[in-house]
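Please model the complete structure; the sequences and the hints are all you need to start from.
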Amino acid sequence: MNDRLPGPALRVNPEKTIHFSYRGRPMQGVAGDTVATALYASGVRIFSRSFKYHRARGLYSLDGQSSTCMMEIDGIPNIKAEITSLREGMAVRPQNVLGSPQRDLLAVAQWLDWAMPPGFYYKLFHKPWFLWPIFSKMIRRAAGLGRLNEEGHPGNFENLFLNCDVCIVGGGPAGLQAALAVAELDLRVVLLETRSHLGGFYDWRVVRSAWGQPFWARGRELENTVVQHPAIRVFKQTHLTGIFADNLLSAVQTGQPGEVFDERYMEIRAGSVVVATGSAERPLVFENNDRPGIMQCGCAHRLARTYGLLPGNRAVLSVGHDLMLEAAIDLADMGLEIAVVADARSTGQDESLVDALAQRNIPLLKGWLAAEARGKKGVKRVLLTNRMREESRLFQCDLLIASAGRAPVLDPLLMTRTRFELDRQTGFMLPVQLPSRLYAAGRMLGWDDAQAIEDSGRLAGLKAAADCGFALSDFIKPLEKSLQGRFQFRARQMMSRAPGPGHKSFICFDEDVSVADIHRVVAEGFDSVELCKRYSTAGMGPSQSGIPGQNLPLALAECRGHTLESLRPAKVRSPLRPTLLGTLAGKHYQLVKQTPLRKIQQQLGASFVRAGQWERVQYFGNDPTAREEIANVHANVGLMDVSTLGKFRIVGKDALAVLQRMYVSDLSRLIPGQLKYSAMCNEDGCLIDDGMITCRGGDDYYFTTTSARARDTMEWFGYHSRFEDWDYHIVNLTDGWGAVSLAGPAARQVLSRVVKDDVGNDFYSKGYVETQLKNGIAVRLLRVGFVADQGWEIHAPASATAAVWNALWDAGQDFGIQPFGLEAQNVLRLERGHIIIGEDTELRTTLLDLGLGFLWDRNKKGFKTVGVAALHQTENQPDRMKLIGFKMNDPSQTPPGGAIIVDTQVRGYVTSVRYSQALKQSIGLALVEAPLARDGTLLEIFIGGPDRRRLGAKVQRGPFY
Amino acid sequence: MSATITCPICGRRSIYEFRFGGENRGPRPFDDQATAQQWYAYVHLRTNAAGPQQEWWYHRDGCGTWFTTWRDVTLDCEVEAKEGKNE
Amino acid sequence: MQGYKKQSPIRFPDSPLKTERRQGWEVALTYAGDDASLVIIDLSHITKWELYGRGLEGQQVGPAAIPHIAGQVNLSAGLAVCLCRPSVALIWQLADEFSWTLPVGVKLTEITDNYALVALIGADGPRVMEKIADLDLFLPAEQTVRFVQGPILDGASQVMILSSPDSSTGLLLAVCRGAGQSIVDAILDAGGEFGLQPAGEQVFKTWLRGQV
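Chains as they are written, first to last, in this note's numbering: chain A, 1 to 961; chain B, 962 to 1048; chain C, 1049 to 1260.
Incorrect hints may have been included.
In the SDA-like style, the derived pairs of lysine to any residue whose C-alpha atoms are separated by at most 20 Å in a straight line are [what the hints assert, rightly or not]:
| no. | chain 1 | residue 1 | chain 2 | residue 2 |
| --- | --- | --- | --- | --- |
| 1 | A | K587 | C | Q1229 |
| 2 | A | K587 | C | L1201 |
| 3 | A | K123 | A | D527 |
| 4 | A | K861 | B | W1027 |
| 5 | A | K653 | C | D1202 |
| 6 | A | K587 | C | D1202 |
| 7 | A | K860 | A | C686 |
| 8 | A | K653 | C | L1201 |
| 9 | A | K653 | C | I1117 |
| 10 | A | K864 | B | G982 |
| 11 | C | K1053 | A | G776 |
| 12 | A | K920 | A | L951 |
| 13 | A | K864 | B | P988 |
| 14 | A | K599 | C | P1174 |
| 15 | A | K864 | B | D993 |
| 16 | A | K920 | A | V902 |
| 17 | C | K1053 | A | K864 |
| 18 | C | K1155 | A | R949 |
| 19 | A | K587 | C | V1152 |
| 20 | C | K1155 | A | P672 |
| 21 | A | K887 | A | D810 |
| 22 | A | K676 | A | R829 |
| 23 | A | K653 | C | V1152 |
| 24 | A | K887 | A | E940 |
| 25 | A | K766 | A | P672 |
| 26 | A | K236 | A | W114 |
| 27 | A | K587 | C | S1063 |
| 28 | A | K861 | B | P988 |
Pulled a few chain A residues facing chain B out of the computed Cβ check, cut under 8 Å [to be verified]:
| no. | residue |
| --- | --- |
| 29 | W114 |
| 30 | F244 |
| 31 | L248 |
| 32 | A585 |
| 33 | Y589 |
| 34 | E715 |
| 35 | A869 |
Derived by calculation from the structure, the hints in this document are not laboratory data.
As the structure is a computational prediction, the values presented were derived from the model and not from experiment.
Cβ atoms here follow ideal geometry from the backbone N, Cα and C, with glycine treated the same way.
Spelled out as structure tokens, the structure:
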């Protein structure tokens, strides 16, 4: 089982066995295997059944270009087995089969393919119409490939954010040369490669290169130089998933055994980008081109050279490129019996390769290609014909290596604003105009010659480095000229298909769409590539544009008789590779802000709630209505953490000018010791923030804002002063200072026990005082009446706030001090008729609508105060909503917040409402149309529900308590 | 969005670090010198040219400065200042 | 006269081995993990100042001068002075007390408690931060110190990057105080694979002396 063909380019270690299970049975592979190659080594040939018709499918490509190898691995569905490294203990299961891939009971679908042409679900099963729900359920259950694990699946998903000067997509010879060219200049390089090794298409070739060594050795030498270079960071098993504006690239890396992550999502911000993604094999289209035993040339060659597995016993090749002739010779030398090589090209082969085939007695048919594969569960015979199908011959084989040449891997460039044109000589879509700071290099540009490929990589690297400010035209110009001179010597490619209706000549393996299907779809009128793709679903499977992406436009052109020049590649979208949602979610580190009193609150049994970026206390203990907390503030004294309040110092010659612009009140007569409550409006005169302002002396002020607006205050002030050359500075002290609210009839007594002794007679009647506690903490006291008649906010540096709390707590024990949270605060302020911005206000409620017009000093002129123009204009507008207080007629009936107020129409809504234990009433605030805003007006509040009830309430101006 | 904005102090950064401050329309008029119509135009109306415009940006997650830059709104990227237009 | 305890916003999972009472702070001097190749140290207690004044660029503040260009930093004798934006400077007293006089016309605000400040010392420090934030924390070869203002997990932060002769880098991360624990938790989680350990102030002081 561990016998592998020896060879110098082997990437597996046959000495090290890895155990796994397939369909519950124990199996073995070796270190370096992918799941697919391990299965192949164990004799598995049918890997899956196709999506619609349940046709047998085998190993076709080793680069994840199709979904023939999708399996469920360790409970995760739709994993591409051919690009997944084998790990000890993996549990592999086939999917989309009833039974086994070998004997699938759903294979009867193949006999029903006449009933399921493209778009059949739009036409059939609709009549009689009452059967459609049954049919749709059946079709839904049959559709889909893998089965989701309902419990989710564990995994460690991480993020990585990289910054670099140049990012190189593709670790083949062109990409490696580009990386070295950039790194030589000490610029930062990031290189992404989908495979688990670098070297690209050099890696499995044993013929001698222009540098003297075999290609595989040249590739590994370049790989080692790059990997060891300190300025280059290499990421293998990394697939680009998107490329976005300003060269932001997204990629997903699969973790190797031993790495801490299973998958990680990467974002790379690069100065310039070099795309060197190479070229993939263009699938040859012929009847039954999807049978197990049919594979791409590169797949066969890599099975032998990279994994040490002979891909079959007796092979037929239908190819069209010198690289494939080289593969045939090498495979023959490794022991594969080759019955015949059909080359679609009539002339143009490399003579030395033709001679080498002759020496090995391998027949070569020039101008011939495969027309049909025969055999149900695997290829047994191949019908070869010449291009016009005048002659044909049948050959026995168990392996058909079929390829129609090469096509560039364009996906990353297709996401950018690159303009493409078809190059007749190679049949490649070439990028003719790239956006700035984006370059392409290597085989994707149609180069075949290894020297040219490496030179184009170096050229792209130099151009990318030049973007970073290096003067490199002396190196760039000669290289450019030399490549231009070699342009016409690129190999010609012939794309063809043997004539025939093509009922089973598949364009898209994922969705079972054939050439005949395309003809049918075009006949129905879906004749542009985008329409055809969506109606036939060709190219919409897991491999996105991969295999069908190249052949669909060609099939369309053939069908419609268009020239090839009219071809345009279809759009591709991120992610360029199927990506787990878990990978996109990543580690998802959360930023949550805690106040300095966090630990104390936890010890007191607090329940926390998210308020913006902060976590704040909603209530203590078990009662979400906070009844005892509220009663205690009424009767004794309560203590609340209000550290999240915005706190700011503003200082400077023009500090007052700024404040006058931002606040509607006239603050020019503020004197130290005085605390003024004021409000800020937006340009529409609508209330956005309120707070307290005090003058500490001279040009030094201290002010508070609501917690929600704290973060935006610096921005708001800066925005409205950006045209002035004002001399002022704001320091955001929201985090640096903590604050507690002490409220209730015993507040003064508690406070007097903690402040230092020599405070003076009128201390407690001042609005704002700076003083010290007995234990030395410098504090600022603000006399506020938000939740109680007697109340103070005590502000202190955040590092000392816990000590302040403890001091007040200890002093308050004799007075029945208890903590209170947001819910209690909400009810207490409601009883006093105070608003909460954002709950009782909207962005369309002006200061006057809210009854706060008394804050606006009309005589203050010349400061361009924000919102004043709008206040003047809206003052007498008739149809405005007004904020009122209301009391429910039936105290036991409390409407939900947001309930609408109605008569014959909607007239307003409830903004805050609570049951007040102290008043034994249900009270609230509401916004209603002006005619209903008079004291004593009766309101109807709509409750809804099955009986569509309305509750009665009465408008009450002024505080309730 | 993956576009970048160049802060004059911090350099090129992801656009998510900034707050957009709108098209540059000059300083606010005095309250008593503008009619209601003029105020409305100042607060709510924009030129909305399909091309480069001068915009205010605030580096909210960084240095906290307000600055202007020219950006082509059709290409969604910063451009050099437009000739002749200088605020 | 300090009859009360000052608290840092950051708590590490391990307890320190040795602490010292200093101006109300309980400063952690040593931890069991002090010898790890990658360490995180709580420096939230160090004194920090914000200065404002037109024309303060270039003025001397003790051993260091305020930079002329916004976004730059000068580090001298353990005093880090940055110019955040025109007319606004920041001082971090990384080493012990120093003597200085306030330049004329400059307003001073103490902002010690505004930030949680941690030092991340070790060659893998930037690798840890790459897992958390997209800030570019690269220090070019010719530079010995660099100041970056940008977001960490959506919170505006400041990072000072210092090189050292033995090619281990130092990152000083200042994040708003409320978010300190949250961000430290993220760093500890991301740093697990590199063997990140909490360490005491003595490790930082020793490393800093190697700078200057």
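Hints and how they fare:
no.: 1; hint: A:K587 to C:Q1229; result: 17 Å, holds
no.: 2; hint: A:K587 to C:L1201; result: 12 Å, holds
no.: 3; hint: A:K123 to A:D527; result: 19 Å, holds
no.: 4; hint: A:K861 to B:W1027; result: 26 Å, violated
no.: 5; hint: A:K653 to C:D1202; result: 33 Å, violated
no.: 6; hint: A:K587 to C:D1202; result: 15 Å, holds
no.: 7; hint: A:K860 to A:C686; result: 18 Å, holds
no.: 8; hint: A:K653 to C:L1201; result: 36 Å, violated
no.: 9; hint: A:K653 to C:I1117; result: 24 Å, violated
no.: 10; hint: A:K864 to B:G982; result: 19 Å, holds
no.: 11; hint: C:K1053 to A:G776; result: 11 Å, holds
no.: 12; hint: A:K920 to A:L951; result: 17 Å, holds
no.: 13; hint: A:K864 to B:P988; result: 10 Å, holds
no.: 14; hint: A:K599 to C:P1174; result: 31 Å, violated
no.: 15; hint: A:K864 to B:D993; result: 9 Å, holds
no.: 16; hint: A:K920 to A:V902; result: 25 Å, violated
no.: 17; hint: C:K1053 to A:K864; result: 47 Å, violated
no.: 18; hint: C:K1155 to A:R949; result: 63 Å, violated
no.: 19; hint: A:K587 to C:V1152; result: 49 Å, violated
no.: 20; hint: C:K1155 to A:P672; result: 19 Å, holds
no.: 21; hint: A:K887 to A:D810; result: 39 Å, violated
no.: 22; hint: A:K676 to A:R829; result: 19 Å, holds
no.: 23; hint: A:K653 to C:V1152; result: 15 Å, holds
no.: 24; hint: A:K887 to A:E940; result: 11 Å, holds
no.: 25; hint: A:K766 to A:P672; result: 10 Å, holds
no.: 26; hint: A:K236 to A:W114; result: 44 Å, violated
no.: 27; hint: A:K587 to C:S1063; result: 27 Å, violated
no.: 28; hint: A:K861 to B:P988; result: 17 Å, holds
no.: 29; hint: W114; result: 48 Å, violated
no.: 30; hint: F244; result: 4 Å, holds
no.: 31; hint: L248; result: 4 Å, holds
no.: 32; hint: A585; result: 18 Å, violated
no.: 33; hint: Y589; result: 16 Å, violated
no.: 34; hint: E715; result: 5 Å, holds
no.: 35; hint: A869; result: 4 Å, holds
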